[in-house]
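Chain order of the listed sequences is A and B.
Per my numbering, the very first residue in the first sequence carries number 2; after that it's consecutive.
Per my numbering, the very first residue in the second sequence carries number 2; after that it's consecutive.
These are computed hints drawn from the structure, not numbers from a lab.
Just so you know, these numbers come straight off a predicted model, no measurement behind them.
A couple of the hints might just be wrong.
[Unchecked claim] Derived pair list, reagent style BS3-like, types lysine-lysine, alpha-carbon separation capped at 30 Å:
1. A:LYS11 to B:LYS200
2. B:LYS128 to B:LYS171
3. B:LYS128 to A:LYS171
4. A:LYS171 to A:LYS13
There are 2 protein chains.
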Amino acid sequence: MYAHALIPFKPKNPKTRLSDILSLDERETFARAMLEDVIFAVRDALCSPVVVGTELFDSEDVQITVPDADLNKTLNQILPESIGPLLIIMADLPLANREAIHQVIRSESDMAIVPGRGGGTNVIYLKEPQRFHVEYYGTSFLSHMRIAQEAGLSCEVIDSFRLHTDIDEKEDLVEVLLHGSGKSRACLESLGFVLTTEKGRVGVERKR
Amino acid sequence: MYAHALIPFKPKNPKTRLSDILSLDERETFARAMLEDVIFAVRDALCSPVVVGTELFDSEDVQITVPDADLNKTLNQILPESIGPLLIIMADLPLANREAIHQVIRSESDMAIVPGRGGGTNVIYLKEPQRFHVEYYGTSFLSHMRIAQEAGLSCEVIDSFRLHTDIDEKEDLVEVLLHGSGKSRACLESLGFVLTTEKGRVGVERKR
Chain A
2 MYAHALIPFK PKNPKTRLSD ILSLDERETF ARAMLEDVIF AVRDALCSPV VVGTELFDSE
62 DVQITVPDAD LNKTLNQILP ESIGPLLIIM ADLPLANREA IHQVIRSESD MAIVPGRGGG
122 TNVIYLKEPQ RFHVEYYGTS FLSHMRIAQE AGLSCEVIDS FRLHTDIDEK EDLVEVLLHG
182 SGKSRACLES LGFVLTTEKG RVGVERKR
Chain B
2 MYAHALIPFK PKNPKTRLSD ILSLDERETF ARAMLEDVIF AVRDALCSPV VVGTELFDSE
62 DVQITVPDAD LNKTLNQILP ESIGPLLIIM ADLPLANREA IHQVIRSESD MAIVPGRGGG
122 TNVIYLKEPQ RFHVEYYGTS FLSHMRIAQE AGLSCEVIDS FRLHTDIDEK EDLVEVLLHG
182 SGKSRACLES LGFVLTTEKG RVGVERKR
């Protein structure tokens, strides 16, 4: 195994920006499907997934339960105690695959990062986790680049649309239906989602 | 030089989906800046840029002037007559860089493709252009995958967020300000655009 992979996950009331088109139950099912796709990719890249959340959920995966819902506080407690290289990967990246994760963990720099859409951070790889701390939310990509520089860590920005594409809004579902091959896509299809084209622009709609 | 790179470009009234925040003149200036960033990246990857449009514009770049504004018709007249490998790259990819283009043109498959956001096609690389025809608009990514299969061409999907990120809407400008380093970013900055964070989400606003 190359590295442990921390996957922060919120099983209850996830993905609220999809509330217009998915019920609470459906959002929980879809979030879980995305998590499973990420876990599959992580394993396929020979890393060990560790799901991090405030509550246990029914799963055979390795889980860490933390008292605090604050992602930064949680991770910044784990990082100083980590031994060996560490991957932190978000649970809403259903297009993740082995090749993309390999690109990250094979970086020759001290750390590697994949920006999310809109300035977020989707993946961080740390060869020496105890030298770094996280600062998610807002333009966390810029924050993490600054923290790396302050810590004297060389940092490679990995160019991957599969890891760049976090799924938050209705229009993002287009990418899952187009480029996904795992449980998230199957989940959307079973809920009746199909691609549509209107005035040359592609969207999704629910057939039933 | 590895390949000719066709860059379709519309100098007049481009990027209409940015009309709310940019005047006609500003849109033309910004589109031109993006084109120049693409041309720079193409040259940096040792390819020869050829700008394809319905009218000449003031530039020292190699230009082909075509009578028809229909992108498909235009390219499908050029493809059968092309000798040697060909790159077709859109003009609205200001994050393009040498490494990403190299990933495309070093594909071992008969062709390589980079999907755009929402099912479009941002880059196509063809080792034998005369065996392919294009079908832009709508879910052109799926169309191009089908055409490749029908033509018996192996096709690699290149995983690059730099080439995946086409700039059409206001929220896309965030990516230029965050990850751009060329004329497009300088153009936006000179027009007064800055990053903003509201409720944890990042956007742009115009300061003056």
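Hints, one by one, checked against the model:
no.: 1; hint: A:LYS11 to B:LYS200; verdict: holds, 19 Å
no.: 2; hint: B:LYS128 to B:LYS171; verdict: violated, 35 Å
no.: 3; hint: B:LYS128 to A:LYS171; verdict: violated, 36 Å
no.: 4; hint: A:LYS171 to A:LYS13; verdict: holds, 19 Å
The structure shown violates the earlier hints numbered 2 and 3.
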